[in-house]
Structure formats: C-alpha cells, structure tokens
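Chemist: Just so you know, we're using our numbering here: the sequence shown kicks off at 1 and counts up by one.
The set of hints was computed from the structure by calculation and includes no laboratory data.
None of these values were measured; they are calculated from a predicted model.
For every residue, glycine included, the Cβ atom is placed at its ideal position computed from N, Cα and C.
Misleading hints may appear alongside valid ones.
Have a look at the derived ranges for each label pair, beta carbon to beta carbon [said to hold, decoys possible]: (1) Lys114 <-> Thr71: 19 to 29 Å; (2) Gly13 <-> Gly65: 44 to 54 Å; (3) Gln136 <-> Pro90: 26 to 36 Å.
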Amino acid sequence: MRRSPAVLLATMGCVIALAVLLLLTLQLLMPSRDQADLSTAAAPSPSDSQPATFEQVEEVRFPPGTALPLTVDQETRDQLSAAARAVVDPSGPAKRAVEVATGGVIYFGEIYGKTPDTDVYYVLASIDRLYFWKQQGNGPWVYQGDYDATSCTPPIPRALNAAWGAPFGGGPTPNALSMCTQSP
Numbered sequence: 001m002r003r004s005p006a007v008l009l010a011t012m013g014c015v016i017a018l019a020v021l022l023l024l025t026l027q028l029l030m031p032s033r034d035q036a037d038l039s040t041a042a043a044p045s046p047s048d049s050q051p052a053t054f055e056q057v058e059e060v061r062f063p064p065g066t067a068l069p070l071t072v073d074q075e076t077r078d079q080l081s082a083a084a085r086a087v088v089d090p091s092g093p094a095k096r097a098v099e100v101a102t103g104g105v106i107y108f109g110e111i112y113g114k115t116p117d118t119d120v121y122y123v124l125a126s127i128d129r130l131y132f133w134k135q136q137g138n139g140p141w142v143y144q145g146d147y148d149a150t151s152c153t154p155p156i157p158r159a160l161n162a163a164w165g166a167p168f169g170g171g172p173t174p175n176a177l178s179m180c181t182q183s184p
C-alpha cells in the first residue's frame, strides 16, 4: 500500500522532532567538559593514537587549581612521620603526629600548579586531633601543626576539601588561611 506524500512528510517530521528532542534532553542532562567533576575522574593517560616511547614520555596535566584526592602509601607515611619527628616536642600536645606512619585516617591530595614544581600536596591525619603537612613539588614534607577539629580546621584549599568529600566542613576561608592557632 502506497502512502501519500503528506503522510510521509508528517511521519518524517515527527521522527526529526523526536531526534531533536532527544539530543536537547541529553545535552541538558550531561555536564559539559568544563563542568565535569575532576575530583572523581581517573587520571588522564596518553592517547592511544600517540604511542609513547621510552625516550618520549610526556606528562598529561590537569589545569592549575585542579584538586585530586590521592592514596597514601607507606613510604609517604614514613616521610610524614620523619617530618613531624624533626620539629615536634615529644612531650607536647602534638607528640602523636609521628604516629602517622602506623595509624590514623589519612586525607592525601594534590592541587595542580602550572608546573610539577608548583604542584602542592596536602596531608591531614586524624589521630587524636588533626595533624597537617604540606609539600611543594618534589620538596620535603613540612609539618604544619596540629588542630583541634572542634574549634578550627587546617588551612586546606576548598577545592581539595570538596575532592575529599568535604570531611572538614566548608574549609576555613576561600584563600586557605586558617584563623586557628596551631602547635608545631
């Protein structure tokens, strides 16, 4: 049975309208690339179309200011403990900072800089209170002090706190300055 041109035209118009509606719905529901949450994204890897050779390995970097949560390993825990041991009074209130090597809940993350030398790494260890370390680039870990979480939080960037799932409220201030006193 042959259909009239008007019926065919109406059917084709409905199909096109449904396709456009589907595309608009998908565009509204899917975040754009600049709105994607990078804190849960996997680290970028080199493209398959550009195989890397041993001599030519180019680091793929996120934009400056990107916060990434990281997993702490035992080597990093040991470095943190050594950094605290170098400055903490063994009889003072922060004496348990050295226990980061063997216990505590550790929050470890990175804020990308423009270059690897300007990347900043942060660690918060929750043992009996919050203990705070910082490292720039490949430099040494520097123990920053301890904080009583009931009254204040360490000066971590808001973006990193959000990447960790905001375990420390909204962060102290937008520019990561703490209003707390700490004991080294």
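Chemist: Could you run down the list of hints and mark each one as holding or not?
Modeler: Structure-based check of each hint:
1. Lys114 <-> Thr71: 19 to 29 Å: holds, 25 Å
2. Gly13 <-> Gly65: 44 to 54 Å: Hint holds: Cβ distance 47 Å, inside 44 to 54 Å.
3. Gln136 <-> Pro90: 26 to 36 Å: Between Gln136 and Pro90, where Cβ atoms are some 27 Å apart, the hint holds.
Of the numbered hints listed earlier, not one is contradicted by the structure.
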